[in-house]
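S.K.: The primary structure of each chain is shown beneath.
2 protein chains.
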Amino acid sequence: MSRYVLPKGFLVNGTHCGIKRFNKDLGIIYSESPCKAAGVFTKNKVKAAPLLVSKEILSSGEPVHAVIVNSGNANCCTGRVGSKDAKKTINAVCQSLGLKFNNVLVSSTGVIGKRLPVDLITASLPKLVKRLSEKAVMSFAKAILTTDKKRKVETARFFIGSKEVIITGVCKGAGMIHPNMATMLCFIMTDANIDKDALKLALRRVTDDAFNNIAIDNDMSTNDTVLLLANGQADNKTIKKGTKEFELFSKSLEKVSLELCREIIRDGEGATKLINIRVKGAKTEKDAKKVARTIGDSMLVKTSVHGGDPNWGRIAASVGSSMAEGVRYKLIEIYLDGVCMFKNGKFTNPAASRVSRVYKRSTVDILVNLNAGTKSAFMYTCDLSKRYVEINAHYMT
Amino acid sequence: MSRYVLPKGFLVNGTHCGIKRFNKDLGIIYSESPCKAAGVFTKNKVKAAPLLVSKEILSSGEPVHAVIVNSGNANCCTGRVGSKDAKKTINAVCQSLGLKFNNVLVSSTGVIGKRLPVDLITASLPKLVKRLSEKAVMSFAKAILTTDKKRKVETARFFIGSKEVIITGVCKGAGMIHPNMATMLCFIMTDANIDKDALKLALRRVTDDAFNNIAIDNDMSTNDTVLLLANGQADNKTIKKGTKEFELFSKSLEKVSLELCREIIRDGEGATKLINIRVKGAKTEKDAKKVARTIGDSMLVKTSVHGGDPNWGRIAASVGSSMAEGVRYKLIEIYLDGVCMFKNGKFTNPAASRVSRVYKRSTVDILVNLNAGTKSAFMYTCDLSKRYVEINAHYMT
Numbered sequence: 000m001s002r003y004v005l006p007k008g009f010l011v012n013g014t015h016c017g018i019k020r021f022n023k024d025l026g027i028i029y030s031e032s033p034c035k036a037a038g039v040f041t042k043n044k045v046k047a048a049p050l051l052v053s054k055e056i057l058s059s060g061e062p063v064h065a066v067i068v069n070s071g072n073a074n075c076c077t078g079r080v081g082s083k084d085a086k087k088t089i090n091a092v093c094q095s096l097g098l099k100f101n102n103v104l105v106s107s108t109g110v111i112g113k114r115l116p117v118d119l120i121t122a123s124l125p126k127l128v129k130r131l132s133e134k135a136v137m138s139f140a141k142a143i144l145t146t147d148k149k150r151k152v153e154t155a156r157f158f159i160g161s162k163e164v165i166i167t168g169v170c171k172g173a174g175m176i177h178p179n180m181a182t183m184l185c186f187i188m189t190d191a192n193i194d195k196d197a198l199k200l201a202l203r204r205v206t207d208d209a210f211n212n213i214a215i216d217n218d219m220s221t222n223d224t225v226l227l228l229a230n231g232q233a234d235n236k237t238i239k240k241g242t243k244e245f246e247l248f249s250k251s252l253e254k255v256s257l258e259l260c261r262e263i264i265r266d267g268e269g270a271t272k273l274i275n276i277r278v279k280g281a282k283t284e285k286d287a288k289k290v291a292r293t294i295g296d297s298m299l300v301k302t303s304v305h306g307g308d309p310n311w312g313r314i315a316a317s318v319g320s321s322m323a324e325g326v327r328y329k330l331i332e333i334y335l336d337g338v339c340m341f342k343n344g345k346f347t348n349p350a351a352s353r354v355s356r357v358y359k360r361s362t363v364d365i366l367v368n369l370n371a372g373t374k375s376a377f378m379y380t381c382d383l384s385k386r387y388v389e390i391n392a393h394y395m396t
Numbered sequence: 000m001s002r003y004v005l006p007k008g009f010l011v012n013g014t015h016c017g018i019k020r021f022n023k024d025l026g027i028i029y030s031e032s033p034c035k036a037a038g039v040f041t042k043n044k045v046k047a048a049p050l051l052v053s054k055e056i057l058s059s060g061e062p063v064h065a066v067i068v069n070s071g072n073a074n075c076c077t078g079r080v081g082s083k084d085a086k087k088t089i090n091a092v093c094q095s096l097g098l099k100f101n102n103v104l105v106s107s108t109g110v111i112g113k114r115l116p117v118d119l120i121t122a123s124l125p126k127l128v129k130r131l132s133e134k135a136v137m138s139f140a141k142a143i144l145t146t147d148k149k150r151k152v153e154t155a156r157f158f159i160g161s162k163e164v165i166i167t168g169v170c171k172g173a174g175m176i177h178p179n180m181a182t183m184l185c186f187i188m189t190d191a192n193i194d195k196d197a198l199k200l201a202l203r204r205v206t207d208d209a210f211n212n213i214a215i216d217n218d219m220s221t222n223d224t225v226l227l228l229a230n231g232q233a234d235n236k237t238i239k240k241g242t243k244e245f246e247l248f249s250k251s252l253e254k255v256s257l258e259l260c261r262e263i264i265r266d267g268e269g270a271t272k273l274i275n276i277r278v279k280g281a282k283t284e285k286d287a288k289k290v291a292r293t294i295g296d297s298m299l300v301k302t303s304v305h306g307g308d309p310n311w312g313r314i315a316a317s318v319g320s321s322m323a324e325g326v327r328y329k330l331i332e333i334y335l336d337g338v339c340m341f342k343n344g345k346f347t348n349p350a351a352s353r354v355s356r357v358y359k360r361s362t363v364d365i366l367v368n369l370n371a372g373t374k375s376a377f378m379y380t381c382d383l384s385k386r387y388v389e390i391n392a393h394y395m396t
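Taken in sequence, the protein lines are chains F and Y. Numbering follows numbering that gives the first Met the number 0, in which position 270 of the first sequence is assigned residue number 269; successive positions increment by one, without gaps. Numbering follows numbering that gives the first Met the number 0, in which position 343 of the second sequence is assigned residue number 342; successive positions increment by one, without gaps.
Worth flagging that the hints you see were computed from the coordinates, not collected in a lab. Bear in mind the structure is a predicted one, so any value in this text is a computation, not a measurement. Take the hints with a grain of salt, since some may be wrong.
Note that the list lumps identical chains together, so a pair holds whenever it fits in one copy or between two copies.
[What the hints assert, rightly or not] As a list, the in silico EDC-like pairs of lysine to aspartate or glutamate whose alpha-carbon atoms are at most 16 Å apart:
hint: 1; residue 1: K289; residue 2: D118
hint: 2; residue 1: K374; residue 2: D208
hint: 3; residue 1: K342; residue 2: D208
hint: 4; residue 1: K44; residue 2: E324
hint: 5; residue 1: K44; residue 2: E332
hint: 6; residue 1: K7; residue 2: E31
hint: 7; residue 1: K44; residue 2: D234
hint: 8; residue 1: K374; residue 2: E324
hint: 9; residue 1: K42; residue 2: E324
hint: 10; residue 1: K374; residue 2: D207
hint: 11; residue 1: K7; residue 2: D364
hint: 12; residue 1: K195; residue 2: E61
hint: 13; residue 1: K199; residue 2: D118
hint: 14; residue 1: K359; residue 2: E163
hint: 15; residue 1: K7; residue 2: E133
Work out the full structure: start from the sequences and follow the hints.
M.R.: As structure tokens, then:
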């Protein structure tokens, strides 16, 4: 596991507190030195209580020292006690680590509509905190999972001057959870010394460029959260907006985030293939995104990829139905795994030997050229399988 | 089959011309007396050639006497020859029936990207036309199907003064077609004597109130078409906008259309249940529709209904993610088959005996009250089954 290093000054841990029957369900991130923090949250109007509480704490501007995360219970749709329970959890962490309320963030994922068993969490906090370690990253990664099959951790290392900077992200993905949101939680730690505005901008960018371009299905979670914490221990010259150091930081952050996104998709429920959709030649970026998302949301496209069926007609119809402004039917080109299937308004009738290779690998490429401009976009999604239906049809029964 | 009467003066027929290997694939509607006609077409920017040709003919304002429809080939994404082939088909009909070009509409559904075999159509036209009959409605209904399992015909009869008026609709639905659009074709005939503006308004209304509120999946076809033909043979006093006769006509048209919509949904690929989604208490109608559609498009909602899993959390999340303006989390109420599951921001914890009855019948009711206004909307959709994936994963291979 040496591939995954934590940035300097971060300690983490994960344990089993009893919300789930067997697996780890409580994780913590701790930084002795104060962290600048930035966060992005679901746009769903139904928001989980811990998300609202953390959002408020973030807006206080106080330094963050710890994040407490439980899995197995989303603390969502729990009425008024929801935020009380989230705050109780924070207070317990404060006691254990000698912190103030506004130094701690809280995050939950799991069942919706059941009250959070705060007692289980507080009872397990002493042992969780006692074994905080820079080596426990896989333990933390495990503790935040719901139905994901794999732990998801990525690290990037780079130099600013003579100082090495580390960015490590841990996330849980779009295994649907009980009762089944594609909740994504992502915690990114860095020892970079970075200006707060720059940190916020970097997160906003990477949200647009990575996290907002993935989908398992067309549902939006009540708990989606990405947190970025920077404790400055790399001791580099402060990274500011508009500098080449900022670009370097952003690029590494993007690299970590994109890899986490791919891991989320590959581990999507029932997923057997990662679909890499790219749209180019769009008039505007908005157009490009619209087209990419419409293709990625199409159940017909997703099932055809699942079946290894090079069905360009479904993609043409998705492009047309995207309602993107600059789409002109006769200019559209569609490439599946590099084979041009549609051009000049009609099927290109490529050699059967070439078509037979389409959609056969574990990563599938769909490229649409709108030939209407210079903007582009991408989207990662997965295929739609019978297993997806199986998993999601029988959850509460 | 006496339930399905054609309006006076309409003759129809269906036959096998050879586009499909075995089943009927060519249908015709004919009215000796001239029809006023109105049409609505897919908003997809990728539009099939026959649709574009028919749209142009409709805009000429000439009376319509016939509609020729083939199944098995959509004549879509066929390049420039597409519209030539559509026009050839029309010309052949003109010859057979002694009509002018602008008197005939054309419609196609089936495989995308393959050239339409016009010769097969023209060769079969003589026998098709020879056996035109007021009794062949089920034969016509059969000829326009693709992968639908059932023929879809509905009739309404009512009186205007002493004159009986008949409205009969025939449609084909959302069995996905090769390569798999949920093409809906709907042909509605009436002997009503109705003003052209009134006819257009009635169709526009029923499109909003019925056809635009159904979905099998989130894909939009390249060939969707609804045509409404009125030949005036009922000899009633001309129906005009803003009269009670117009309301009567509209109501009957809606009744026929809604029933056809339900038949389409029930016959959706892999569908085992009809989901009747109603949203009330919305601030605006747009809001209500947004919420209804987001719930109806949710793969998680559709799979939970399939599994008989009363998963209100997925519905709450859909409501929240709909981005409708007037949604306030704490005001939302969710009823599944009449059982209130969510109110005051939390799970209502109803008796297990009541919950066990939810989602068990072949028609499932989801009611969301936003408690934010007086507007409402509905949507019909179907569940998402393994059979859907099966059918759509392996089509061309």
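S.K.: All the hints need checking, so say for each whether the structure fits it.
M.R.: Comparing the hints with the structure gives:
1. Neither within a single protomer nor between protomers do K289 and D118 lie at most 16 Å apart by alpha-carbon distance, with minima of 45 Å and 40 Å respectively.
2. In the homo-oligomer, the alpha carbons of K374 and D208 lie at most 16 Å apart inside one protomer (14 Å), although the nearest pairing across protomers, at 38 Å, exceeds that limit.
3. With identical chains, the CA atoms of K342 and D208 are never at most 16 Å apart, being 29 Å at best within one copy and 37 Å at best between copies.
4. For a Cα distance limit of 16 Å, the shortest separation of K44 from E324 across copies, 10 Å, qualifies, whereas the shortest one inside one copy, 28 Å, does not.
5. Taking the closest pair of Cα atoms, K44 and E332 come within 16 Å of each other only across two copies (14 Å); inside a single copy the shortest separation is 38 Å, beyond that limit.
6. Taking the closest pair of Cα atoms, K7 and E31 come within 16 Å of each other only inside a single copy of the chain (10 Å); across copies the shortest separation is 86 Å, beyond that limit.
7. Proximity of K44 and D234 under a CA criterion of 16 Å is satisfied in neither setting, with 40 Å inside one chain copy and 55 Å between copies.
8. Taking the shortest alpha-carbon separations for K374 and E324, only the intra-copy value of 13 Å comes in at or below 16 Å, while the best inter-copy value is 30 Å.
9. Taking the shortest Cα distances, K42 and E324 sit within 16 Å of each other only across copies (13 Å), while inside one copy they are farther apart (25 Å).
10. Taking the closest pair of Cα atoms, K374 and D207 come within 16 Å of each other only inside a single copy of the chain (15 Å); across copies the shortest separation is 34 Å, beyond that limit.
11. For a Cα distance limit of 16 Å, the shortest separation of K7 from D364 qualifies neither inside one copy, at 38 Å, nor across copies, at 55 Å.
12. Within a single copy, K195 and E61 get their C-alpha atoms as close as 12 Å, which meets the 16 Å cut-off; across copies the closest is 68 Å, which misses it.
13. Taking the shortest Cα distances, K199 and D118 never come within 16 Å of each other, neither inside one copy (34 Å) nor across copies (65 Å).
14. Taking CA atoms no more than 16 Å apart as the test, K359 paired with E163 passes in neither setting, with 41 Å inside one copy and 60 Å between copies.
15. Taking the closest pair of Cα atoms, K7 and E133 come within 16 Å of each other only inside a single copy of the chain (8 Å); across copies the shortest separation is 84 Å, beyond that limit.
Of the hints listed earlier, those the structure fails to meet are numbers 1, 3, 7, 11, 13, 14, in rising order.
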